Amino acid sequence: MQQYKKTQYKLILVLVGLPARGKTHISYKLNRYLNWIGYKSEIFSIKGAQQKDAQLDQNIDYELEIDPTNQQFIEVRQQLSFQAAQQLVTFLQNEGDIALYNGLTSTKSDRQKLKSLFKEKLNLEFQVFWIESICDDPQVILNNINESKLSRFKEKTIDQFTNQIKVLAQDYQTLENTENISYIKLINIGKQVKVHMLEGYLCSKIVSFLLNLHANNRQIYLVRSCESEYHLLDKIGGDPELSAMGKQHSQQIGNYFIEELKGNKNITFFTSQMKRGIQTAEIVGDKLGIKALKTKNLDEIDYGICDGLTLKEIAAKYPKQIKERKANPLEFKYPRGESFLDVIHRVEPIIYEIERSRDPVLVVAHVAVLKCLYAYYHCNQISEIPNIDIPINCVIKLVPIPYHCLESRVIIK
Amino acid sequence: MQQCNRSQKIAICTVGLPARGKTYISRKLNRYFNWLGYKSRVFINGNYRREICGTECNSQFFDPQNEEAQKARSDCAKMALQDLIQFLQNGGDVGILDGTNITKERRHQIENDLKSSFNGIQTLWIESICNDSKVIQNNIRLTKINNPDYCNVNPEQATIDFLNRIKMYEQIYQTITDDENLSYIKTMNVGADIIVHQVYGFLLSKIVSFIMNLHTYPRPIYLSRHGESQYNVDDRVGGDSDLSELGEMYAEKLADFFYSEFPTKEIKNQIIFFTSTMRRAVHTSDVVAQKLEIQPLQLKTLDEINVGICDGMTYTEIAQKFPNDFQERKINKLGYRYPRGESYLDLISRIEPVIFEIERSRQPVMIIAHQAILRCLYAYFHQNEIPEVPTLDIPLHCVIKLTPAAYFCDEKRVLINPQTGEISIKEEYVQEFVRSKSKQKSFIDL
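These protein sequences, in sequence, are chains A and B. With my numbering, the residue at position 265 of the first sequence is 260, and numbering never jumps. With my numbering, the residue at position 354 of the second sequence is 334, and numbering never jumps.
In short, the hints are calculated from the structure, not lab data. Where hints are given, some of them may not hold.
Unchecked claim - Capping the alpha-carbon separation at 20 Å, the derived lysine to aspartate or glutamate pairs in EDC-like fashion look like this:
hint: 1; chain 1: B; residue 1: 280; chain 2: A; residue 2: 343
hint: 2; chain 1: A; residue 1: 189; chain 2: B; residue 2: 160
hint: 3; chain 1: A; residue 1: 144; chain 2: A; residue 2: 254
These numbers come from a predicted model, not from an experiment.
Here chain A stands alone, though its shape is the one from the complex (with noise of 0.2 Å):
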């Protein structure tokens, strides 16, 4: 991807703070950001190098074990540790580009330990970025606990475990300036930051995504466009109005969301700069008593030379296109237009804003660029976006939860 700097220099970001503080939540966001924008990234944590040691009984979590009487389990863990480690080394000594380290990093010495096993074993230039998550509200560590971990617990309680914690909590040594570190504190989700020696363009976005990060589960629906007089010449691209018929889609859709939303005004509501975006937005809109912002980052991609075309035209006039393309779809470039990386990029702040978002989102566009949108939410990897099936008529509601993103699909007829 020539858009953003291949960097020279591998990054490690390595997550600090005692559990429950949400580690493994911002390290699941942060890695699915940096594959999504092009980077390729990878978690290496306790519970990961578990899964890849055979000889381990994978009944118990060990991630979860932080008994700190239990001598057994802190060694294992301290060897999961380890092995996490050895992991990463290897990934960015190949092709990895970023590695995030989720494993024992609670005390000075584990820290020291942890930079001294980079600098010994990886021999390419590097830099390391260190996240510290701190909470000090109890309601929010129950809601963490709650979230994430109950589901896994076997026999323990919740009692139990956060006595546990504040055990671990007595050896618990918070980043100081003393370490020659660079790093960034995130207080009580976002409430407070700080941010020590950020040095760097990677990190430096990875700082202004974190501090757009929030643990509210809300609603986001994407919508596209409705059917527009285009789609009845099967004509790509262009800038048509909508037909009669997208019209009373668009109400259909708009009635939908009256029921949905139950007259909740506070929606972040986008769209493109596009006449079949703009109108159903606002016909939407109108019934919710909302103004959608309209903006130029969600028009369609740019087919290029291809534009105003039927797909039985471009076939007849560009076959080496159809071809090129065939071969690679997620690079393949639009001759004057634009590929699925070029919209990624310019969808990138959208996403930002939708992230920043405590309310329901509401995102009305176009095929290819719900598709990079969706695959933000849902894909592992950016290959999948031109696969993705994104009908027309249907919202689709995603919820992002903790580790995962709940999807449902509902057709408006």
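Got chain A; can you put chain B on it based on the hints?
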């Protein structure tokens, strides 16, 4: 994304001892907001004080025990705040209060006044802390000595007096604490440490990112258009034509010029080199890249303005085929959007990430791009008014070297003759202070 939340009014207040970069931050933010299309203005406490109390104020004026002077200063500060509130009430979007505001009492008063003036106003406090005496001395040297307060004083005396002034402030300085319940950003030692507290919202989040990337390293920015293209020769707009023969010659001479500008390999490897994805720019950049042995980054963001349906036409053809559009564009070149294409305003929005990147960089930046794009970039750094953007002069075969400094931007134009390689240099030095002295009495912003 100018379209977001225009209804929200924002007031930003600085906090900090003198010579901590508050005015620098205020002006940078002001520039950034105006650039994005928001109506923004800076209200400088110091300017109000100068207008009303005169400029012959030595450090005794700032003694916290000097009651008369204290009252005068307090009144001036109130006036600045009132003007800011009025500005927001009369269509302004962002008001920036540039002052020391170093006591809890003062901040509490200002916060209350602001919150009670508007429903839903967002306030943000930016405290700049610096303990590095070298940085402070440098700040004083670069910005205070030429300050109107010291126009009749020699530089050594001015520095001594100014350091005394700072001591006066230090006696009563109270850093922002969490119990004041303010949304704040603290930046320490020029961004080495940053604390963000309770900052929510679209614009405020953008401000945080922007501030994290600010620095005062005087690094040069080189802007050049691609060499003459085939379409330039035919006088056509748009397209993705390649270089003409003359253009190719320019590419060679440009490479020679940059080769001499960056003598050592170390410097060369640190250059941040951007170009667009269009043939004429890529071709020019490749020639330069080969000579310098560095790699350019091709950004679609730097592609020339999209002229939509007018792509490939000459201006005469456009005038004939689309006379209405041709007229519209003449009247409002800034906002006019080519059908299925872009407007200058779209361009400004489009290149925002590149502006960020350039701001962030502490190494020399080289950009080989296109006329409309460079007009936008040039205008941002040179602090031109937005309506001027579409008419700025960015000729072919010319390298513009900008060196942004604290309150102004140094400019040098290097015209390179593509056939002979002959270089002629035009030095244009724009001093903000000089400009403002000749302006009418205006203590609102520089």
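Against the structure, the hints come out as follows:
no. : hint           : result
1   : B:280 to A:343 : holds, 14 Å
2   : A:189 to B:160 : holds, 18 Å
3   : A:144 to A:254 : violated, 33 Å
Hint 3 from the list above is the single one not met by this structure.
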